[in-house]
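**Student:** Residue numbers (our numbering), protein chains in the order written: chain X, 1 to 456; chain R, 1 to 456; chain V, 1 to 456; chain L, 1 to 456.
By construction, these hints were calculated from the structure, which means they are not laboratory data.
Just so you know, nobody snuck in bad clues.
The list treats identical chains as interchangeable, and a pair is accepted whether it falls inside one copy or across any two copies.
Straight-line distance between alpha carbons at most 30 Å, and here's what the computed DSS-like set of lysine-lysine pairs gives:
(1) K315 x K282
(2) K319 x K229
(3) K282 x K97
(4) K315 x K97
(5) K282 x K319
(6) K315 x K229
All of these numbers come straight from a predicted model, not from anything done at the bench.
There are 4 protein chains.
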Amino acid sequence: MTTPHTIPSNTASIFDTQAQLQQDYNNVRAATLELCMPLQIEDYVIQTAPFMSPPRWHLGHTAWFFEMLLTRFMPEYRIHSEEYLFYFNSYYEGFGKRINRQKRGAVSRPTVQETMLYRSRIDGHMNILIERIPTHPDAPEIMRLLRLGLEHEMQHQELLVYDIKHLLANQYVPSEQATMPKSAVSVEGEVEFAGGLMQLGTNAADHLFAWDNECPRHTTFVNPFALDKRLVTNAEFLEFMRSGGYADYRWWLSAAWEWLRSEGIDAPMYWERTEDGANAEKAVWNIRDYRGLRSADNNEPVTHISYYEAAAFAKWRGKRLPSEAEWEFAAMQHDSAMAKNAFPWGNAPVEADHANLFENKLWCCSEAGSFAASPQGMYQLIGDAWEWTSSDYAPYPGFTTQFDEYNDKWFVNQKVLRGASYATPRMSVRSTYRNFFAPSDRWMVSGFRCARTLAG
Amino acid sequence: MTTPHTIPSNTASIFDTQAQLQQDYNNVRAATLELCMPLQIEDYVIQTAPFMSPPRWHLGHTAWFFEMLLTRFMPEYRIHSEEYLFYFNSYYEGFGKRINRQKRGAVSRPTVQETMLYRSRIDGHMNILIERIPTHPDAPEIMRLLRLGLEHEMQHQELLVYDIKHLLANQYVPSEQATMPKSAVSVEGEVEFAGGLMQLGTNAADHLFAWDNECPRHTTFVNPFALDKRLVTNAEFLEFMRSGGYADYRWWLSAAWEWLRSEGIDAPMYWERTEDGANAEKAVWNIRDYRGLRSADNNEPVTHISYYEAAAFAKWRGKRLPSEAEWEFAAMQHDSAMAKNAFPWGNAPVEADHANLFENKLWCCSEAGSFAASPQGMYQLIGDAWEWTSSDYAPYPGFTTQFDEYNDKWFVNQKVLRGASYATPRMSVRSTYRNFFAPSDRWMVSGFRCARTLAG
Amino acid sequence: MTTPHTIPSNTASIFDTQAQLQQDYNNVRAATLELCMPLQIEDYVIQTAPFMSPPRWHLGHTAWFFEMLLTRFMPEYRIHSEEYLFYFNSYYEGFGKRINRQKRGAVSRPTVQETMLYRSRIDGHMNILIERIPTHPDAPEIMRLLRLGLEHEMQHQELLVYDIKHLLANQYVPSEQATMPKSAVSVEGEVEFAGGLMQLGTNAADHLFAWDNECPRHTTFVNPFALDKRLVTNAEFLEFMRSGGYADYRWWLSAAWEWLRSEGIDAPMYWERTEDGANAEKAVWNIRDYRGLRSADNNEPVTHISYYEAAAFAKWRGKRLPSEAEWEFAAMQHDSAMAKNAFPWGNAPVEADHANLFENKLWCCSEAGSFAASPQGMYQLIGDAWEWTSSDYAPYPGFTTQFDEYNDKWFVNQKVLRGASYATPRMSVRSTYRNFFAPSDRWMVSGFRCARTLAG
Amino acid sequence: MTTPHTIPSNTASIFDTQAQLQQDYNNVRAATLELCMPLQIEDYVIQTAPFMSPPRWHLGHTAWFFEMLLTRFMPEYRIHSEEYLFYFNSYYEGFGKRINRQKRGAVSRPTVQETMLYRSRIDGHMNILIERIPTHPDAPEIMRLLRLGLEHEMQHQELLVYDIKHLLANQYVPSEQATMPKSAVSVEGEVEFAGGLMQLGTNAADHLFAWDNECPRHTTFVNPFALDKRLVTNAEFLEFMRSGGYADYRWWLSAAWEWLRSEGIDAPMYWERTEDGANAEKAVWNIRDYRGLRSADNNEPVTHISYYEAAAFAKWRGKRLPSEAEWEFAAMQHDSAMAKNAFPWGNAPVEADHANLFENKLWCCSEAGSFAASPQGMYQLIGDAWEWTSSDYAPYPGFTTQFDEYNDKWFVNQKVLRGASYATPRMSVRSTYRNFFAPSDRWMVSGFRCARTLAG
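Hey, can you work out the whole structure from these sequences and the hints?
**Tutor:** What follows is the structure, given as structure tokens:
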């Protein structure tokens, strides 16, 4: 059992420079387009399910965000098109009317080419605005919002990966082959933690960027607990399925049981039976990916799992899901003054090893990151899958909204996920990052590990 | 009041020839593509409403129909793709599983280009099959189904016009201008008919083609009636609206009243208020078309009207909708042995005058046809709008199904429309043609004229 | 084949007298209460399905109808309660707001006792009003509306039977036994009719009462046809089921096929499998009645059948449903000047034989009526089950509304049923009566017989 | 600011005796019936909304619970009726099939009288079983389940109050007058708490009874906070409404905003506009209660509030809702060894002052309890309204299920409420009690007070 620890105080803040912002801006914007390289024009405009958005919408929406900046800080800028404003706003009530989310795939204009031109026009103006920063009276606010826009765009990069996966996985005739994102570790068992008082979350001043929902750093108490060293694998989840797990009400939350039955769910998303089997015990399963069907790799983490399924598995296993405080307790770098800025298990090696999302022109991370254990011996804490926690997505004590309509309007009926998936842009990975989804969502790259309470 | 009349017997049948079929095949197939000329690739794949289909789907589905022929009559033909079969089947239970209609816009593949290639491949094989007809053991069946396939494709041409209109009308920034389909006649009043015994419908042998639902020709009795000389106009319908027609339950069928309120309907489809007006009396209306908003032409027939709205207007006016027998009684050419084969008011002038659907590369008919009166003095019987009748879509006495799952499975909850719209291909216009839609449908080009019962 | 016939002109009208009205009023009102005798207080207030109404609602609604008369013609009458008006109005927009139909079972007040008192109060005042008729300035209108109110109440008596059946059939442990309404005839085969011109419908002046939708009597033409001598039986319908009829799309209208699958229907209403059988061929069926489960009598007419099921059976059998003109052609008494007033096969014997609905304190008719054949040799034309026809419920030529919001607002999406069921009050049975329901309805006592078109 | 404190260890457990159980059994069972005294038979069987249950169902269901005990522990006991089992089970998958919750009002049998007889029969047998306890081999388990059954029945007593209120409030003509449950305190301001480590929850052994979800007592850390001395009042909530609160998206969670608009909500449940006002600022409001409409008392706590509305108000006020740990921190009796067993502010006075739920034959508590402040100066902690907290309903660290399908299957999408309402039976009030409802529920007696985070 590892011992408790003291929390270092933060001694330095990190500030953006104009040069850094300009470089990041152009890199991030280019990366978004790179993600779309496998797409045909037709793919950009359709909506394969109510929860996803057409790729063209992501392209336009992330440009729209920066157009809002231009409107405010560049006096000579003229709105590109009122209609684009309507179509590319997502859910911001403060910015006027917008298209119903489920109708995003019912509109074919602006065309892909027009959307690309829109992005280019915004990029041209944004570069001018960035160059004006040194003499601009609103420089700090511009820099703050610019950084915010980049973080926002990186969030949409991850959503793009999910949406492109759903788009292509549901289509027939995948013609190309690609290296699959993969991670498999052979460790077993759990790590025990003594718990105690800890500092949860972070302060914005300690980072190039942190979301308001991660702040402020505050004291909390964690009871003694144990956490699995690695994520639950496909093989383990299949064992649950074969034992009749999806048909036994005892493992399921009441809301989950209703969801199972109304949706007719009996496997993780993207899993498909290859042998007809009303018989759950004998069914053989393949997994559909953005390149077609493949047989499930036993040692890979199970992904595209809802909170409901994760919780059912854990109960079946006699365990439970960890709270986000437990997850962060286990992920923290306890012996460094810069713990919260670094990746969980130390700065240098991660910088070198962590997957480049765009390395091979598709969204796979290398496997290196996943194999590196944290000092406490935890594996797969980032770069494989977001991990469901039992924590409700709610404000930390002392929370103050920094962004209108961004994070705080979602503070109900959502569960927190921690870590990062293979689709998360490296620059936005942070051990204090609080991702959140509804308990029934599973089109994102979500997995989980099990926890257990220890006697105090 | 016109007098009753005797029914001529048919003295000649009309047969297709191989040469005629080949010419028609290639013309009809080309016309389908021509209709799509205004579209961008993005437009081909989206679904703007559950009732419409993506244009690419129409292109593939009409090819799929001929592929079924090839599969049956050309031994060396190999199915192009199992997946295409799944996607391009419409509602034929007999041809296996198919995509849910409302999901047609959730699929981006095959791409437009792939679909075009599919059409080309089918066309190549079909031309070979057609050339084999003279020596083919199944020549009559092939010829019959080939003609059926062309009629089927022409039906989809009309649907394509509706769907493209819905697609482009709902989009912003229409940039081009086009001549509008228009028809305005200045006549007023009604024509009185004595009624009596008549022959309703036709026999297949009298035509190059007739649908089974138009057959057989049979005796029926029509009571004395009067029919308006022309279709109800925008101006007349606006008068109904301004008198509070949409808010007065007295004019509406019970099902219509529920429909109005659950859908929030207070005007024909594509009409948009330009001045805010909770006040129905003062509202000013524009009509959205495939080229944008335009002010309503007072003398044009009102179109995109549901049966419910047509029936409400007629009741408000103290009239009613005609039955299909009354409509056909009024449209028949009573002094010609070829009456049923010809257009309603005689063969020659119509041939010359009737709109060429594709004349100006868009789907507008010329205005000539509409101005030509029938011998009885009826205007706008074809070429303007399909006309709602009060007749339930039901089989004629002696009806025999000729086509599996084509017409007879719709014999309930549908109303018959007669005539033809500006979007109807000329070759399929026939005075006995029975079109049918649900009473709440209105995305097709539907209008109506009023009738009245005369004392016997 | 029977021969055509001439239509007698009506030589006499029938007028109500004050004395007759008073007697009928008190009899009809008492009969309504008699129907409720098997009920507990709890039964009066619940709603077992959206299509049914709580018995207490019927009691109050039929009183409400007469209260509207009192309000208009008895100056000193004061409304019993504004709240009752709200609750007991059914669908009359003209009489103000009313409770949503599907919420009728969400209200427990007024209590049953209060509703009974309401009825009594109305009855007291109505008897006074009736006595004033001889000297009342509005006597004719009062007499007309009073007769209408009685017909209206008898319609609700039949609905009460349906609703009580649904109420008690769905409950467990029926403890009492009762004689079942039954009808079984052993005839087979069909009767052929030459058709020709006929007079369809009736004129109001020929009856004590006729609905506006039965009027006016008008000429129509019927092509030669054959009609089954009797209704389709349970045994025949079971044969259809065992042949896989519910699983074969070929027999079903498209709307019917969707209905089957969305509702999960595989048998007539009230039929229940006794042996588990996914296997349609081997399933054994019982029928649930208002007194519990009983085994299906093979020779009884199949009832609680939707139009969809009737049409599917007929198609499977290679036949079709009759039109309402055909039904009336076959049911008419062709040699009597009073044909339209009498029961189909002659006046006297029917008067004697026809079932007294209330005879044994429950709603069973005696079996006598059913066995009496019409002169043409048709059986079971009335008193067993309403018979689905293929005719859309639409106005007759020359139709004029007599009753606001009563019959004409339903002229769409409904099919006509002819005859009368064992639950129809004797006084309202008429061979020209046009009953109507939506094609998917089946909680009423509906059956059918098959027809066939003969070569002309 | 109050200071932190030490947590006393529990020195004594409390055990039931057979005599105590028998007395409690008969008292609790009688109290359930007493709650139904204002009802007519008709009221017992209907369902006024999907979330409520007919009173008769509560009567039967609570008997069913004890019947499960009899089946297990009294060998000679025979099931009263299989059908009752089906109808009176609520949501226990482990006890077989059951009626769909929303259909509970579609069944009229068993009648009220039959249900009463069922209860009596169960009571007779239960008294025999209780007398056998001293010599029964399963005595401890029987005693445990008996106590559980009583707690279960008291929960249903509170639900009965909610459901009867909904039943009678929605009905017209309330004819009797009754004293209203009322509570109004004139204090203002907040109490500040230093926070720190605390013991949250309790251990079962410390009570006559505690639910598994309140256990185990465990350490947690609370940051410094301030809590309002009293509940938010009608007057304060009205101020929020008049300021346009329901129309301003800024105060609402995203899910709440959707809920508002889809449900058309603009006031707490049971509030009704007396003056027509699209104008929120000028509307005058009454509150509908189980005895009719009354004008809102300004100083009463606002109740029938959803979590969404409570959270919106708090954000508008610049505050937030408390966590359940904060609530319990403020409610704890800090200087007593029996703190957790007692009412928050000491044992003796509460025993005397607290409302007797059944005192005046209706469910109003006296006002005394509410006026008694806790030692920290908090008012209205119990006896007025359940208070929404920001805490997700989730298991405490170390949680172990004690009851199959009772508490743990609800551990998602629910918020915890603390305290007790005027409808809560006195015997089940406990400062550690965790009530829970979905964030949109508001038919229970729910209110709230505001909290604020203090600088650490």
